[in-house]
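Protein chains: 2
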Amino acid sequence: MPQTPDPQTSRLDAQFAFLNEADRLKSVLRATTLCDGSRRENSGEHSWHLALYAMVLADQAPPDVSIDRVIRMLILHDLVEIDVGDVPIHSANGAAHASLETQAAEQRAADRIFGLLPADLAHSFRALWDEFEAAETPDAVFAKSLDRVQPVLANLLSGGGTWTTYSVTWDQLESRVGNKIARGAPRIWDWVKAQVRPFFGG
Amino acid sequence: MPQTPDPQTSRLDAQFAFLNEADRLKSVLRATTLCDGSRRENSGEHSWHLALYAMVLADQAPPDVSIDRVIRMLILHDLVEIDVGDVPIHSANGAAHASLETQAAEQRAADRIFGLLPADLAHSFRALWDEFEAAETPDAVFAKSLDRVQPVLANLLSGGGTWTTYSVTWDQLESRVGNKIARGAPRIWDWVKAQVRPFFGG
Ligand SMILES: [Ca+2]
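Just so you know, the sequences run in chain order W and C.
When the letters of the first sequence are read in order and numbered with the UniProt record's numbering, they come out as residues 1 to 202.
When the letters of the second sequence are read in order and numbered with the UniProt record's numbering, they come out as residues 1 to 202.
It should be emphasised that the hints constitute simulated quantities derived from the structure, not laboratory data.
Output of the computed footprint for chain W on chain C, the stretches with three or more beta carbons under 8 Å from beta carbons of chain W:
1. 14 to 23
2. 32 to 38
3. 42 to 52
4. 67 to 79
5. 151 to 165
6. 179 to 193
Here are the simulated SDA-like pairs of lysine to any residue, each with C-alpha atoms no more than 20 Å apart in a straight line:
7. C:193 / W:7
8. W:193 / C:13
9. C:193 / W:10
10. C:193 / C:156
11. C:180 / C:91
12. C:193 / W:6
13. C:193 / W:5
14. C:193 / C:159
15. C:180 / C:97
16. C:180 / C:150
17. C:193 / W:13
18. W:193 / C:9
19. C:193 / W:17
20. W:193 / C:11
21. C:193 / W:9
22. W:193 / C:16
23. W:193 / C:8
24. C:193 / W:20
25. W:193 / C:17
26. W:193 / C:10
27. C:193 / W:11
28. W:180 / C:16
29. C:180 / C:94
30. C:193 / W:8
31. W:180 / W:63
32. C:180 / C:194
33. C:180 / C:87
34. W:193 / C:20
35. C:193 / W:14
36. C:180 / W:16
37. W:193 / C:14
38. W:193 / C:6
39. W:193 / C:7
40. C:193 / W:16
Positions of the beta carbon are idealized from the N, C-alpha and C atoms, including for glycine.
All chains should be built: construct the whole structure from the sequences, respecting the hints.
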């Protein structure tokens, strides 16, 4: 007689199937390098750094932001890149990042990857990722601001990074990046702007 | 007349000094490889993976555990390795990991690295790291269990990993790793044990 699978065991099977698949995010390379310029950054370590950004810069968030929810969002936010890869914000003259094609591919990736989880977790993780992508709630707006700040520091410290790769101008940086940082974290953008402006001859 | 520094600006100076220094954790290599065996894992991406473990395996924690505190602990737990490096658990026949010398070096590293932060954050981050290291509170015990589980999966999926490097026996795995996982997450260890036992000829 076939054994009935223990529900506890099948749940752990699904939990570890997801965790093992998630390991692949460490092999997705971004356009940005580490701060020392030694190699390209991967999306796993980028996600860790952003979670740390949220812990450190919590006092810059509006009072209605839950930093613990922001941290969870940032831990999940790039998982779809396992299937889709990272789309650099300055590539295709700034147009590739938010293309409808990219968005559809990311939706399919989210279906597959979060679908590995037990149903309750698949639902709650997907809801958190959808919220991040929509960039409307205070938590998502702050999380998106941090996601835009961190590569600016990496470019600055590594001597230009993707600004050089994609011949980015100050106006492009301000419209593609600065305005989005300022939306969720205006004082952070003021501080970062003062650091970065001289690089662009300002 | 010299300008008085804006306290808001000096605070952000310190916050970013810490975040930029933290970037170096991405260059600290562990003995363990990625699950596909393609390269050694670094401590930054490892910390991200553990935070995801906490989110996914939350239902395995005792009811008095705060998963959000566990996530924060895991994000911080390896930062001292920027100065000290990773000490593989199976190296020096299992004796190097908890040596007094290693512990003293980690304390000095924590002084320096958390000391980059504004005083309030330096204090709260250090307290969370001290709590993790002491492994006494329910949050720290669960966090430590996850930190022990993840390399087991990486070794299993990559075909042996550090078990092969350090000629680890089943009894050594059970005493150095299994007992610590079982302390915080007994059902996870039961599940993992069933996956791993055949590798050791069980
Ligand atoms: Ca990102």
